[in-house]
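Residue numbers (this note's numbering), protein chains in the order written: chain A, 204 to 400; chain B, 332 to 551.
Careful, some of the hints might be misleading.
Here are the simulated BS3-like pairs of lysine-lysine, each with C-alpha atoms no more than 27 Å apart in a straight line [said to hold, decoys possible]:
#1 B:Lys-459 / A:Lys-321
#2 B:Lys-483 / A:Lys-399
#3 B:Lys-473 / A:Lys-321
#4 A:Lys-314 / B:Lys-473
#5 B:Lys-459 / B:Lys-395
#6 A:Lys-314 / B:Lys-539
#7 A:Lys-318 / B:Lys-459
#8 B:Lys-333 / B:Lys-483
#9 A:Lys-266 / A:Lys-321
#10 B:Lys-473 / B:Lys-369
#11 A:Lys-318 / B:Lys-528
#12 A:Lys-399 / B:Lys-528
#13 B:Lys-473 / B:Lys-528
#14 A:Lys-318 / B:Lys-400
#15 B:Lys-483 / B:Lys-387
#16 A:Lys-254 / A:Lys-321
#17 B:Lys-483 / B:Lys-432
#18 B:Lys-539 / A:Lys-399
#19 A:Lys-314 / B:Lys-333
#20 B:Lys-528 / A:Lys-321
#21 A:Lys-321 / B:Lys-539
#22 B:Lys-387 / A:Lys-318
#23 A:Lys-318 / B:Lys-473
#24 A:Lys-266 / A:Lys-314
Have a look at the derived ranges for each label pair, beta carbon to beta carbon [said to hold, decoys possible]:
#25 A:Arg-378 / B:Met-373: 31 to 39 Å
#26 B:Asp-510 / A:Glu-375: 29 to 37 Å
#27 A:Val-303 / B:Tyr-498: 36 to 44 Å
None of these hints come from the bench; they were simulated from the model. From the three backbone atoms N, C-alpha and C, an ideal C-beta is built for every residue, glycine too.
Listed here are the chains, written in short residue letters.
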Amino acid sequence: MSEIINSIYGSHLPELECAMQFLVNEINVLRNKVKEEVGDDPIEHLNYRIKSEQSMREKCRRKGLPETEDTALRIIHDAIGIRVVCAFLNDVYIIREHLVNLSNCKVVEEKDYIKHAKANGYRSYHLVLLVDDNIYVEIQLRTISQDTWAALEHQIHYKKVKTENDALIISELKRCADELASTDISMQTIRDMIRKT
Amino acid sequence: MKLLLAEDTNDLNRVLTVAFQHEGYDVDSCLDGEDALKHALMVGYDVIVMDIMMPKMDGIQVLKNLRSKNIITPVLLLTAKSEIDDRVDGLDAGADDYLTKPFAMKELLARVRAMTRRKADYSKEQMKFGDLILDGETFELKSVNSIRLSVKEFEVLQALILNSDHYIDGEYLLSHVWDNDTEANVQTVSLYIEYLKRKLDAVSSGVKVDESPMGYMLRC
Chain A
204 MSEIINSIYG SHLPELECAM QFLVNEINVL RNKVKEEVGD DPIEHLNYRI
254 KSEQSMREKC RRKGLPETED TALRIIHDAI GIRVVCAFLN DVYIIREHLV
304 NLSNCKVVEE KDYIKHAKAN GYRSYHLVLL VDDNIYVEIQ LRTISQDTWA
354 ALEHQIHYKK VKTENDALII SELKRCADEL ASTDISMQTI RDMIRKT
Chain B
332 MKLLLAEDTN DLNRVLTVAF QHEGYDVDSC LDGEDALKHA LMVGYDVIVM
382 DIMMPKMDGI QVLKNLRSKN IITPVLLLTA KSEIDDRVDG LDAGADDYLT
432 KPFAMKELLA RVRAMTRRKA DYSKEQMKFG DLILDGETFE LKSVNSIRLS
482 VKEFEVLQAL ILNSDHYIDG EYLLSHVWDN DTEANVQTVS LYIEYLKRKL
532 DAVSSGVKVD ESPMGYMLRC
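One chain only, chain A, in its complex shape (with noise of 0.2 Å):
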């Protein structure tokens, strides 16, 4: 009982749980229209979370804002976060397109980061939603080889010892995920024409 008072989401875990499962539901929805429609799955893997106690308290204060229900909920927009990995380029704007005309969700942020790839060549589509006026969700849509690259981005970013090679790690990592744009593109342009014939 006393966890669930000092809980810097105050009372307000159930409402998360049920905005996340409601587009976790969506999402699944949508995949298997796709599935029957054209027989693949547009989803190779979804993962979804409501950020930790520890991980919330720890981003208010690195951000210098008071650890409370208020700054969790409507401040910081990513207490729930789901990321949706893709087979294919078109699939991630097949479910961003779904889950942007959901009528009970308003659209707070929309960034993406595909056709405006970050400078170390970082790309992802961003979504914040608003659910029933209520409940900010963090949606991340990207294929599999976005997926892989940030992966080791990610591996790389926190090692955080600097060491001589980093210029050529950043350029490098840069040049992959160009590769691997490149890639994505093609094998979409290759479905496209099987599904023609």
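Chain A is already provided as a structure; the job is to place chain B on it using the hints.
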């Protein structure tokens, strides 16, 4: 292989045209510099053979004009005078080779063969078209975003940039990019054009590949 010949002496022009045709070149011949420039800007040639002293526009002016427009087709200059300054000016203006008149036909043909063999070396530089930068060393294609092209995609885009003022068709690309590889065909070309269209879009470039019955051309 397409060859442009610019030589104002009627007789020599005719002899050279026949000789090149006999060697299997597809020859366009002009009698003055202005006409030569017009041709070179309109058609993608594999090699240009040009006299320096010509009416309307001399060979060096034509050459400077072509190089300023990023046209890197190998050029051999024919010089009447054996003056050193003339040859130096020609080479500095971007000529790849020269031959002093009178010359032996055998040598001219050999030099043209050698120049067309070297063609592949011209691609190492950075090319610009519209909002695009294409790096010949790394195959990076850059606009708002950047991406890496495969070798063939790079060569197709390079051909399109170098021939950006006229259409080039599938046959041209098959002979220049795939070296008439028997496994490549028009479907191969159209798949690579499709890759390029989408990759241009992926770097958020305003450049588009225009398709018409005459072939492909880039549009800003």
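Structure-based check of each hint:
| no. | hint | verdict |
| --- | --- | --- |
| 1 | B:Lys-459 / A:Lys-321 | holds, 23 Å |
| 2 | B:Lys-483 / A:Lys-399 | holds, 24 Å |
| 3 | B:Lys-473 / A:Lys-321 | holds, 13 Å |
| 4 | A:Lys-314 / B:Lys-473 | holds, 20 Å |
| 5 | B:Lys-459 / B:Lys-395 | holds, 18 Å |
| 6 | A:Lys-314 / B:Lys-539 | holds, 24 Å |
| 7 | A:Lys-318 / B:Lys-459 | holds, 21 Å |
| 8 | B:Lys-333 / B:Lys-483 | holds, 21 Å |
| 9 | A:Lys-266 / A:Lys-321 | holds, 22 Å |
| 10 | B:Lys-473 / B:Lys-369 | violated, 31 Å |
| 11 | A:Lys-318 / B:Lys-528 | holds, 14 Å |
| 12 | A:Lys-399 / B:Lys-528 | holds, 18 Å |
| 13 | B:Lys-473 / B:Lys-528 | holds, 14 Å |
| 14 | A:Lys-318 / B:Lys-400 | violated, 31 Å |
| 15 | B:Lys-483 / B:Lys-387 | violated, 40 Å |
| 16 | A:Lys-254 / A:Lys-321 | holds, 24 Å |
| 17 | B:Lys-483 / B:Lys-432 | violated, 40 Å |
| 18 | B:Lys-539 / A:Lys-399 | holds, 23 Å |
| 19 | A:Lys-314 / B:Lys-333 | violated, 49 Å |
| 20 | B:Lys-528 / A:Lys-321 | holds, 22 Å |
| 21 | A:Lys-321 / B:Lys-539 | holds, 23 Å |
| 22 | B:Lys-387 / A:Lys-318 | violated, 50 Å |
| 23 | A:Lys-318 / B:Lys-473 | holds, 12 Å |
| 24 | A:Lys-266 / A:Lys-314 | holds, 21 Å |
| 25 | A:Arg-378 / B:Met-373: 31 to 39 Å | holds, 37 Å |
| 26 | B:Asp-510 / A:Glu-375: 29 to 37 Å | holds, 31 Å |
| 27 | A:Val-303 / B:Tyr-498: 36 to 44 Å | holds, 40 Å |
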